[in-house]
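Asks: Given these sequences and hints, build the entire structure.
Number of protein chains: 2
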Amino acid sequence: MAGIIRVNMNELKVTVEDLPADYNLLGGRGLTSRVVHDEVPPDCHPLGPYNKIVIAPGVVSGTNAPSSGRVSVGGKSPLTGGIKEANAGTPVAQKLGRLRIKAVIVEGKPAEKGSWLLKINKDGGELVPADSLEGKVTSEVNRALFNDYGEKAGVITIGPAGENRMSMAGICFNDTEGRASRYAGRGGLGAVMGSKGLKALVIDETDAPKVEIKDPDLFKTGAKKLNEGLRSHFATKPGGTLNSFGTAALINILNEAGGLPTRNFSEGVFEGARQISGETISDKVQQRGGSGMMGHSCHPGCVIRCSNVYPKADGSEHVSCIEYESDWAFGANCGIDNLDHIAELIRLCNEYGLDTIEAGVTMGVAMEAGLAEFGDGEAAIRLMQEIGNNSPLGRILGNGSYFTGTAYGLTRIPVVKRQGMPAYDPRAVKGIGVTYITSPMGADHTAGYTIAPEILSVGGQVDPLETSDKTELSRTFQQVTAFLDSTGYCLFIAFAILDYPDANEGMVETVNAVLGTEYTPDDVPKVGTEILKIERDFNRKAGITNESDRPPEFMKYEALPPHKHTFDISAGKLDSVWDYIE
Amino acid sequence: MAGIIRVNMNELKVTVEDLPADYNLLGGRGLTSRVVHDEVPPDCHPLGPYNKIVIAPGVVSGTNAPSSGRVSVGGKSPLTGGIKEANAGTPVAQKLGRLRIKAVIVEGKPAEKGSWLLKINKDGGELVPADSLEGKVTSEVNRALFNDYGEKAGVITIGPAGENRMSMAGICFNDTEGRASRYAGRGGLGAVMGSKGLKALVIDETDAPKVEIKDPDLFKTGAKKLNEGLRSHFATKPGGTLNSFGTAALINILNEAGGLPTRNFSEGVFEGARQISGETISDKVQQRGGSGMMGHSCHPGCVIRCSNVYPKADGSEHVSCIEYESDWAFGANCGIDNLDHIAELIRLCNEYGLDTIEAGVTMGVAMEAGLAEFGDGEAAIRLMQEIGNNSPLGRILGNGSYFTGTAYGLTRIPVVKRQGMPAYDPRAVKGIGVTYITSPMGADHTAGYTIAPEILSVGGQVDPLETSDKTELSRTFQQVTAFLDSTGYCLFIAFAILDYPDANEGMVETVNAVLGTEYTPDDVPKVGTEILKIERDFNRKAGITNESDRPPEFMKYEALPPHKHTFDISAGKLDSVWDYIE
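Protein chains in written order, with this note's numbering: chain G, 29 to 610; chain U, 29 to 610.
If you're looking for bench data, these hints aren't it; they were derived computationally from the structure.
Some hints could be false.
Since copy identity is lost for identical chains, a pair holds within one copy or between any two.
In the SDA-like style, the derived pairs of lysine to any residue whose C-alpha atoms are separated by at most 20 Å in a straight line are [said to hold, decoys possible]: (1) K569 / D603; (2) K137 / E39; (3) K147 / P237; (4) K554 / E295; (5) K137 / K147; (6) K561 / E575; (7) K592 / L493; (8) K137 / E154; (9) K137 / K584; (10) K569 / E610; (11) K569 / F582; (12) K147 / N175; (13) K569 / K601; (14) K569 / N255; (15) K584 / G136; (16) K141 / R440; (17) K180 / V555; (18) K584 / R291; (19) K561 / D243; (20) K141 / S294.
Replies: Structure representation (structure tokens):
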């Protein structure tokens with residue numbers, strides 16, 4: 029079997045199809061966006077029968093290329109109303125790759141309410157009723173499925189938030205040890221899965237045929253070059269920044285740059301930054317001992333290992349993991365400087381099946397609306413539990429930051445295309461602002477991570493407050509990222525491939541080795557552009573125009589301390605990001 | 029004084045300006061849309077400092093032309109995100125006309141929270157603090173202001189819903205006897221007024237200069253012709269349909285046509301229609317006696333007098349008035365056949381300051397979400413009270429039908445551009461569907477009332493289920509309506525002017541007489557087109573494109589009983605409504 033598993037939820041029927049010939053060169057985001065573009069009517073209701081969920085591992089996922097265990101999920105987003113791709117690092121990506129499944133496409137909607145489980149193995153897929161999983165939090169789903177299908181199974185699930193069709197619901201994948209903790213979080217794709225009555229997928233890779241590699245020698249050469257790059261770069265090497273302190277190493281860095289959004293994007297410096305920094309997380313893990321660990325990996329074969337397991341005071345496991353984004357979202361953004369409260373908020377997100385970024389931005393907005401005091405971690409936990417309770421307040425919060433701000437008549441809502449902004453204030457780091465605003469995905473730092481040169485001096489060095497050339501910078505990063513999101517590689521390989529031409533070449537060689545293509549590094553932005561084109565095309569047909577590529581109004585008139593900058597890149601400049609393709 | 033009263037809420041300053049020369053030919057909607065188009069940035073946040081509220085009486089409002097007491101309110105809608113005009117019939121329209129105030133423009137936003145009252149008289153305007161009115165329901169505001177400023181004052185106010193910036197909040201005007209009951213309801217303009225801290229306006233017309241009529245003889249001739257038309261037509265004459273049974277005369281008619289949306293637009297016939305019909309309202313008014321009355325007028329000088337005062341069982345006043353739309357919205361649309369429950373729901377809307385159409389459509393959606401059973405009037409009253417309580421559930425409901433449906437992850441949400449659909453199912457009456465979908469205002473029957481020929485055999489006769497020619501029909505009605513909405517005449521004069529060329533000529537003559545223009549009846553659609561053009565232009569710049577001119581998806585695949593029709597007019601046909609101007 030190779031190709032596509034198509035799951036028709038109208039008829040509760042699963043079929044296996046060959047990948048169409050012209051899709052052969054795609055994986056991950058390139059494939060999800062292509063299928064969504066070609067098969068989903070752009071004007072459909074995101075929770076209706078015509079939307080689809082597409083799950084696709086990257087091109088090299090399942091090989092032994094380093095840090096390549098990413099899987100993409102695509103569909104029309106109930107949050108933004110546009111096309112959406114969100115990806116996660118997980119052994120599931122590798123299992124799908126080794127099963128030679130290029131995509132799982134879930135379509136239609138059952139006539140009767142109910143919950144189903146999709147079983148996937150080397151022979152195809154089968155839908156079975158899953159009433160016993162209904163309403164279960166993600167850790168319970170994982171436990172039940174590992175119990176029934178063995179510890180080596182791969183599990184994809186939604187939590188109660190997805191079942192309740194809340195638009196901040198993500199899709200959860202297991203990590204290396206089986207935790208329900210790795211998320212294709214953004215854009216509410218969990219709600220789309222929930223609307224189809226699909227509670228979970230379980231993947232059995234017994235006798236999987238493995239990834240077909242057309243040129244094994246080239247693959248070996250390429251993987252080696254990339255591996256060496258990753259092992260040399262200060263950010264990604266063993267014992268390097270990410271490995272030692274996790275992504276939350278960025279807390280102190282952004283705070284010093286005055287770009288750490290604090291108390292719902294009202295300041296760029298958080299007085300409690302040190303207490304929630306990656307360094308402090310690392311200290312606590314060491315002090316508390318027990319199950320805590322730094323340098324945890326989300327999938328086998330990762331060189332970078334930026335994940336962590338955060339322990340309670342008694343050493344027992346609290347949550348995996350405290351990422352920079354989650355840490356910031358519930359920390360600085362809510363004025364909370366207590367890591368245990370932050371850990372609990374993240375744990376609740378993992379259990380309910382929520383995107384931590386959207387949840388944290390929503391919490392900041394809820395605090396702005398007066399539902400809790402900034403800094404009150406216990407009140408934040410109570411608010412988060414409302415989502416689990418499915419109360420009216422939970423219904424508001426569970427639909428995200430734009431929805432919550434609108435419910436309370438606020439104007440200070442830090443979103444683009446209704447998606448909450450990640451952990452970099454666009455007024456202090458202008459290039460990432462251009463990415464937030466112009467990405468087809470809504471506010472998304474991973475869509476074009478200009479933080480590398482703006483803050484980290486990786487891939488060059490540019491002034492974060494400068495506005496000139498930021499459109500070009502973001503454009504290039506978005507192009508390259510669209511390619512990377514299709515490969516199955518973790519975005520963090522970008523550090524090495526930006527700084528080391530050899531590593532970049534190696535990355536391209538592994539892709540060529542699998543696909544039989546002859547891409548050069550120069551082709552990367554071109555291939556990325558093709559993906560961005562179809563995403564923009566879908567959005568335009570969904571009614572998302574240049575007028576949606578705009579910052580929230582308050583950032584145009586409210587200057588951010590300490591730099592006292594507004595977001596001062598004009599509409600015309602923003603539109604120019606896409607001039608070259610339209 | 030003549031022209032514009034400009035109220036700057038940033039500085040709490042009121043100035044009087046001359047009307048710009050090129051605005052001289054406009055009144056009502058023509059003027060509000062022009063000011064909004066020219067002065068409001070289309071991409072601004074509707075509740076932010078850059079939106080404006082524009083209040084403008086019609087061209088002939090304040091004269092003795094029959095049924096001419098309409099006033100328009102314009103701004104960017106927090107509900108649709110586009111341009112909005114909503115109008116009401118009220119003595120206030122006439123007072124503004126006689127004061128020669130063409131428009132009140134409220135702009136900016138105070139630095140500090142608070143409530144203000146704008147006092148208007150022949151010398152201009154003055155802002156005074158109004159903390160004592162804060163949080164008051166509309167009847168309390170009216171009582172307080174009549175007490176302070178005399179019973180002859182005109183009052184414009186918002187209820188608590190507007191203060192709480194809920195996007196189904198309307199703006200309330202007093203009726204002939206001073207009731208807080210006449211609404212510029214649609215599109216959430218009450219929330220915009222609330223966002224500016226403006227709780228109410230009080231208008232004193234002492235020593236008003238009266239409307240300047242350039243050609244008094246022509247005016248007399250025209251008014252007489254129109255008056256005769258209104259007094260002859262079966263719909264509008266004294267003792268005619270509207271006068272005898274009110275607008276709710278339409279309940280039985282639409283029910284028979286299979287186009288009365290029932291239980292959240294799932295059927296076109298309501299088994300309880302008779303119990304909530306205009307005929308039954310009239311019977312109850314007669315039986316119960318006391319304060320009840322049919323043939324009530326919303327403003328002095330109305331020939332049609334289609335309003336009513338509905339009494340409780342003991343004869344004491346319950347509410348004015350039970351309009352067709354409100355009656356349907358809480359009645360058939362919620363499966364409720366008890367007029368006393370409907371009356372109470374309307375009374376709560378009037379008190380909280382809500383658009384009854386949006387509130388009723390929201391209630392139907394809430395019932396679909398399982399918040400109450402269809403048909404349970406008492407549960408509906410309790411839900412409505414949540415809006416007054418400003419609870420989380422009230423926050424959901426108070427933001428309208430689209431918001432409520434989204435909160436609960438529904439797909440059956442009967443809206444266009446997020447505005448709830450009025451009382452005609454577009455699958456059974458296709459022309460009004462084209463109006464709902466293509467109007468710049470969102471779903472709005474008054475934007476192009478094709479019901480006249482489709483259901484009432486007025487202005488011709490066309491098959492409501494037929495799709496061909498419905499785009500042209502809606503286009504023409506929308507053009508003429510944009511003109512009528514600018515005159516200050518009630519839309520119901522359309523019955524007479526459609527059927528009697530003399531009445532139509534008379535209407536145009538009164539406008540010419542006031543303005544000094546030489547319009548012919550043939551110019552009416554041309555002038556209307558100019559208004560529609562600037563409204564479409566604003567919307568496009570606000571990001572509302574042809575892709576927003578679409579029916580809710582479920583109406584494309586769910587056939588409506590009893591006719592079993594879907595909404596089957598293609599996107600291309602819908603877009604063709606505007607081909608001629610773009």
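Asks: None of the hints should be skipped; say for each whether it holds.
Replies: Against the structure, the hints come out as follows:
1. K569 / D603: both (17 Å within a copy, 14 Å between copies)
2. K137 / E39: Answer is within; shortest intra-copy Cα gap is 8 Å, inter-copy 55 Å.
3. K147 / P237: The answer is within: 18 Å in one copy meets 20 Å, while 81 Å across copies does not.
4. K554 / E295: This pair counts as neither: shortest intra-copy Cα distance 38 Å, inter-copy 52 Å.
5. K137 / K147: within (18 Å within a copy, 57 Å between copies)
6. K561 / E575: Classified as both: same-chain Cα gap 17 Å, cross-chain 19 Å, threshold 20 Å.
7. K592 / L493: within (10 Å within a copy, 60 Å between copies)
8. K137 / E154: Intra 16 Å, inter 59 Å, cutoff 20 Å: intra-copy only.
9. K137 / K584: For K137 and K584, the Cα distance is within 20 Å only across copies (16 Å; inside one copy 42 Å).
10. K569 / E610: Answer is both; intra-copy 14 Å and inter-copy 18 Å each pass.
11. K569 / F582: between (28 Å within a copy, 19 Å between copies)
12. K147 / N175: Close inside one copy (14 Å), not across copies (73 Å); limit 20 Å.
13. K569 / K601: For K569 and K601, the Cα distance is within 20 Å only across copies (16 Å; inside one copy 23 Å).
14. K569 / N255: neither (41 Å within a copy, 49 Å between copies)
15. K584 / G136: between (42 Å within a copy, 16 Å between copies)
16. K141 / R440: between (38 Å within a copy, 15 Å between copies)
17. K180 / V555: Close neither inside one copy (35 Å) nor across copies (72 Å); limit 20 Å.
18. K584 / R291: Within one copy only: 18 Å inside a chain, 44 Å across chains, cut-off 20 Å.
19. K561 / D243: Neither: 30 Å inside a copy, 61 Å across copies.
20. K141 / S294: between (44 Å within a copy, 19 Å between copies)
Checked against the numbered hints listed earlier, the structure breaks hints 4, 14, 17, 19; every other hint is satisfied.
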